[in-house]
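Asks: Sequence:
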Amino acid sequence: MNIVSITGKLVRNAILNGSGEKRAMKFTVAAPCRFYPKTKKEIVGFTPCVLFNPNDQLQTVMTSDGQGKLVALNGNVMTSSYNNKEGKKVWATEVRVDPRGFQLLSEGTTESNEAIAENIHSQLPP
Numbered sequence: 001m002n003i004v005s006i007t008g009k010l011v012r013n014a015i016l017n018g019s020g021e022k023r024a025m026k027f028t029v030a031a032p033c034r035f036y037p038k039t040k041k042e043i044v045g046f047t048p049c050v051l052f053n054p055n056d057q058l059q060t061v062m063t064s065d066g067q068g069k070l071v072a073l074n075g076n077v078m079t080s081s082y083n084n085k086e087g088k089k090v091w092a093t094e095v096r097v098d099p100r101g102f103q104l105l106s107e108g109t110t111e112s113n114e115a116i117a118e119n120i121h122s123q124l125p126p
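The numbering of the sequence shown is the working numbering, which starts it at 1 and goes up by one.
If you are wondering where the hints come from, they were derived from the structure by calculation, not from laboratory data.
Beta-carbon label-pair distances, calculated as ranges: (1) Gln67 <-> Gly101: 20 to 26 Å; (2) Arg12 <-> Thr39: 25 to 31 Å; (3) Lys38 <-> Trp91: 34 to 40 Å; (4) Lys38 <-> Leu58: 35 to 41 Å; (5) Thr28 <-> Asn83: 22 to 28 Å; (6) Ser64 <-> Val90: 27 to 33 Å; (7) Cys33 <-> Leu104: 17 to 23 Å.
Just so you know, even glycine gets a beta-carbon here, dropped at the ideal spot from N, CA and C.
Construct the entire structure; sequences and hints are all you get.
Replies: Next up, the structure:
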């Protein structure tokens, strides 16, 4: 099964493409991938995501004031391709977010990625 769950921070405000029923909101989530308790160091992964037809409230928050917000999302990994202006085929891999599985967990946070990683990893079984 192709299921992805990510909890992390929005790297920057989302970008909205299209209009009406064909809107696609693209954004990147920074999430801890591995945490080293002894050194308190972490490796952070940056995951490109797309959410199709977001509701108006979410669209407004994510495109104007999204950077740094803590989010949780569920979706699946998708690979697509398109031809760029030079006619070259470009491949993109991103998480296609399930609208029912997207949550804003904070309205903005000053908590560091290290603190978030420690909190997430403290909740995982050993």
